[in-house]
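Could you build the full structure based on these sequences and the hints that come with them?
Chains as they are written, first to last, in my numbering: chain A, 94 to 509; chain B, 94 to 509.
Take these hints with a grain of salt, some might be off.
Note that the list lumps identical chains together, so a pair holds whenever it fits in one copy or between two copies.
[What the hints assert, rightly or not] Derived pair list, reagent style DSBU-like, types lysine-lysine, alpha-carbon separation capped at 30 Å: (1) Lys200 / Lys315; (2) Lys256 / Lys149; (3) Lys200 / Lys470; (4) Lys149 / Lys200; (5) Lys385 / Lys315; (6) Lys385 / Lys342; (7) Lys229 / Lys500; (8) Lys229 / Lys470; (9) Lys470 / Lys500; (10) Lys507 / Lys149; (11) Lys470 / Lys149; (12) Lys470 / Lys507.
It is worth saying that the hints were derived from the structure and are not from the lab. The model shown is predicted, which means the values in this text are computed figures rather than measured ones.
2 protein chains.
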Amino acid sequence: MEYDYLIESDLLIPMTEGLPVIENGAVLVNEGAIEACGKTYEFSGIKVKNRIHAGKKIIMPGLINCHTHLPMSLFRGLADDLPLDVWLNEHIFPAEAEHINPESVEKWSRHSCSEMLLSGTTTCCDGYFHEENVAKAVMASGIRAVLGQGVIDFPAPGVLDPKKNVAVAVEFVKMFKTASPRLYPSIFCHSPYTCSKETLTAAKQAANDLGVLFQIHVAETKNERKMIQGLGRMSIVEYLESIGILDEKTLMVHSVWIDDKDIAIIKKKGANVAHCPESNMKLASGIAPVPKLIEKGVAVGLGTDGCASNNDHDLFAEMDMAAKLHKVALLDPCVMDARTTLKMATIQGAKAVGLGHITGSIEKGKRADMILVDMDKPHLIPMYDPYSSLVYSAKASDVSLVMVDGKILVQDGKIV
Amino acid sequence: MEYDYLIESDLLIPMTEGLPVIENGAVLVNEGAIEACGKTYEFSGIKVKNRIHAGKKIIMPGLINCHTHLPMSLFRGLADDLPLDVWLNEHIFPAEAEHINPESVEKWSRHSCSEMLLSGTTTCCDGYFHEENVAKAVMASGIRAVLGQGVIDFPAPGVLDPKKNVAVAVEFVKMFKTASPRLYPSIFCHSPYTCSKETLTAAKQAANDLGVLFQIHVAETKNERKMIQGLGRMSIVEYLESIGILDEKTLMVHSVWIDDKDIAIIKKKGANVAHCPESNMKLASGIAPVPKLIEKGVAVGLGTDGCASNNDHDLFAEMDMAAKLHKVALLDPCVMDARTTLKMATIQGAKAVGLGHITGSIEKGKRADMILVDMDKPHLIPMYDPYSSLVYSAKASDVSLVMVDGKILVQDGKIV
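Dropping the structure here:
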């Protein structure tokens with residue numbers, strides 16, 4: 094038998110249990126799946142069609158971007174350094190109304206996919222409108238993606254009648270349930286302040302019936318609580334729990350303004366969190382209590398958010414930012430250590446978006462989503478601890494090869 | 094007459110007064126100096142030896158790194174995610190005692206110079222020991238640098254008898270005062286908690302007598318105040334003012350734990366500040382009140398600090414971090430806008446280290462320290478505002494050409 098690929102490297106970081114560092118390691122790939130992973134000598138004599146000698150390039154899992162709005166790369170840098178309401182109401186919403194259509198959604202989603210692949214991201218979790226056009230871009234690009242059609246109680250691009258918002262989202266899931274093995278449809282309810290209780294429960298019920306991930310922005314800003322009707326004394330998290338929104342198939346995006354009681358609820362219900370530090374910083378939303386969430390055992394992944402509030406899809410920069418932000422916020426240099434941070438960007442992110450069994454680490458049986466990171470650069474020398482080097486020193490531009498589902502999509506730092 | 098270089102680009106960002114954006118701009122360079130800067134058509138018919146058509150690559154001033162310890166790239170990632178005292182006493186100090194010698198200082202300073210040049214930095218302001226070997230590395234690399242021999246009241250690498258610390262620093266200044274037109278010697282007193290009042294005043298007096306910059310770490314950590322004898326009710330800044338340390342030729346590094354009264358003193362004395370957000374975040378030192386300092390008119394530059402606490406020399410990442418950190422810390426998305434941040438990394442940084450008349454902007458009479466930033470990359474498209482793009486989206490790896498003092502040191506992203 095002849096396998097598709099054997100990739101050998103001086104250093105393999107599989108991000109599996111116990112976080113091993115495998116010197117002189119190799120990964121065997123066949124039909125898009127990881128067949129085996131171990132010391133290079135274990136594969137001597139094996140027959141392969143393609144042998145990649147990565148040398149000083151680290152083999153590691155591709156990164157997981159847990160929160161994106163892919164078409165918004167069109168608005169990258171359109172309006173920065175502004176108060177949130179001015180930014181949203183005077184710039185982003187009007188720009189969306191004018192420029193968002195099926196063609197622009199597909200074009201800029203494709204652009205974002207290229208940007209993500211070039212920076213080592215192999216899976217993203219997206220929510221937007223005209224999501225079927227995001228799906229087309231994703232399928233063409235070769236990336237892996239969880240995609241949710243947006244649900245909001247206002248006229249939205251492609252869904253002018255809000256009464257149809259859940260039906261359109263359900264239609265999207267049905268249309269793409271079996272369209273591609275790399276595409277996982279989902280439902281993306283915008284937020285508890287832009288969706289009524291009825292919309293939230295109907296959308297969540299539909300997601301459960303369809304067996305798909307339910308994404309929702311939660312407690313992003315301090316003001317959000319005031320914008321939700323009928324909370325009474327409840328926190329936003331308590332409200333969402335009370336109407337049945339929180340469970341293992343719910344991804345709570347942002348989760349900035351939550352307290353210890355909320356964290357206990359999130360843990361109890363098994364819900365997951367997408368942490369978007371750069372977006373939360375740039376929009377001055379606040380600092381999510383991520384070290385506490387992780388300590389309590391909640392699966393927290395990293396997300397860039399859309400390009401209008403970041404302004405890129407670079408998870409290497411996001412890791413560096415996440416690790417440093419929480420240290421200074423808590424005045425504790427030990428929190429968010431490099432291993433914890435790299436787990437967020439890989440295996441924990443995969444779990445958070447419901448793909449922990451598919452991707453996020455290099456182990457037998459998972460799909461072959463991997464990247465090579467070239468460590469032979471001045472800013473990566475010397476290397477005492479590869480986890481530190483990957484989080485604090487490596488850059489998106491150090492990614493030289495990207496494989497998704499066993500296919501090479503980036504080689505020598507360029508889209509194939 | 095034939096000039097050395099004419100560099101033409103679709104976009105020239107000179108960082109001069111009023112922050113103009115010059116479309117189809119060009120810079121004329123001769124004998125290491127900027128001869129003229131304007132619209133490309135103004136230079137038609139001019140004779141030049143080398144014409145560079147930068148096209149979609151932005152021409153901008155080289156970046157100024159206001160605080161480095163260049164030899165410490167040897168310790169990049171040696172010990173991360175640790176409490177400050179454990180990091181310093183159990184890892185960094187022993188590593189310095191064992192591995193710092195004239196040869197390692199020169200070797201790793203040279204390494205850091207390459208890293209800085211490749212990421213678009215054309216000037217740095219350094220302080221360390223065996224600084225004459227840093228100077229050798231700087232001269233060989235072609236970068237511009239302010240270099241200060243360290244003064245500390247403990248036995249230090251190369252200065253085993255602390256009684257000689259000021260004399261050694263003075264000797265360094267005299268030795269390098271005329272050694273190279275790109276090298277500006279300085280005196281670097283480590284801090285008010287590691288130097289006595291006598292040492293501080295003697296070192297500052299010597300710096301004044303020699304007419305050079307005086308660098309000092311100030312109020313980096315919350316605990317620092319407790320470590321200084323004889324403060325009484327004074328703040329650290331009041332103490333330094335009371336003993337004559339603060340004036341226009343003093344660079345206060347970090348300045349994290351300072352209050353409004355301190356800021357008023359800094360402004361009154363005309364002292365300058367080097368802000369090192371990534372280091373302050375990673376070591377969990379705290380967040381310097383930079384927007385207030387800038388509002389009061391203090392010249393604040395950006396620094397990476399040494400590679401043991403960052404872990405790189407990347408000022409593009411530092412700009413992104415600085416802009417976002419202060420927004421979230423103050424819950425105000427309008428502070429530290431892209432223009433303010435880019436000024437910190439260029440002209441304000443140059444002023445802070447005493448080289449505002451030499452570098453930091455592209456204008457007639459200044460030395461030709463410039464970089465080209467390639468905007469034809471997915472993460473830089475579209476571009477609505479070049480300042481936003483440079484701060485929030487551009488990366489060190491987008492730097493394609495670096496010129497210092499009229500010499501090209503990096504071309505096509507590689508050291509020449």
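Comparing the hints with the structure gives:
In this homomeric assembly, Lys200 and Lys315 never come within 30 Å of each other (Cα to Cα): the closest approach is 34 Å inside a single copy and 50 Å across copies. In this assembly of identical chains, the alpha carbons of Lys256 and Lys149 never lie at most 30 Å apart, being 56 Å within a copy and 46 Å across copies at closest. Proximity of Lys200 and Lys470 under a CA criterion of 30 Å is satisfied inter-copy only: 16 Å between copies versus 34 Å inside one chain copy. Only between protomers do Lys149 and Lys200 lie at most 30 Å apart by alpha-carbon distance; the minimum there is 21 Å, versus 36 Å within a single protomer.
With identical chains, the CA atoms of Lys385 and Lys315 are at most 30 Å apart both within one copy (19 Å) and between copies (24 Å). Within a single copy, Lys385 and Lys342 get their C-alpha atoms as close as 21 Å, which meets the 30 Å cut-off; across copies the closest is 45 Å, which misses it. For the identical chains of this complex, Lys229 and Lys500 are intra-copy neighbours only, at 18 Å inside a copy versus 48 Å across copies, given an alpha-carbon limit of 30 Å. Taking identical chains as interchangeable, the C-alpha atoms of Lys229 and Lys470 lie at most 30 Å apart only when they sit on different chains, with a minimum of 22 Å there against 36 Å within one chain.
Proximity of Lys470 and Lys500 under a CA criterion of 30 Å is satisfied in both settings, with 26 Å inside one chain copy and 23 Å between copies. Taking the closest pair of Cα atoms, Lys507 and Lys149 come within 30 Å of each other both inside a single copy (19 Å) and across two copies (19 Å). In the homo-oligomer, the alpha carbons of Lys470 and Lys149 lie at most 30 Å apart both inside one protomer (10 Å) and across protomers (26 Å), since each shortest distance falls under that limit. For a Cα distance limit of 30 Å, the shortest separation of Lys470 from Lys507 qualifies both inside one copy, at 18 Å, and across copies, at 11 Å.
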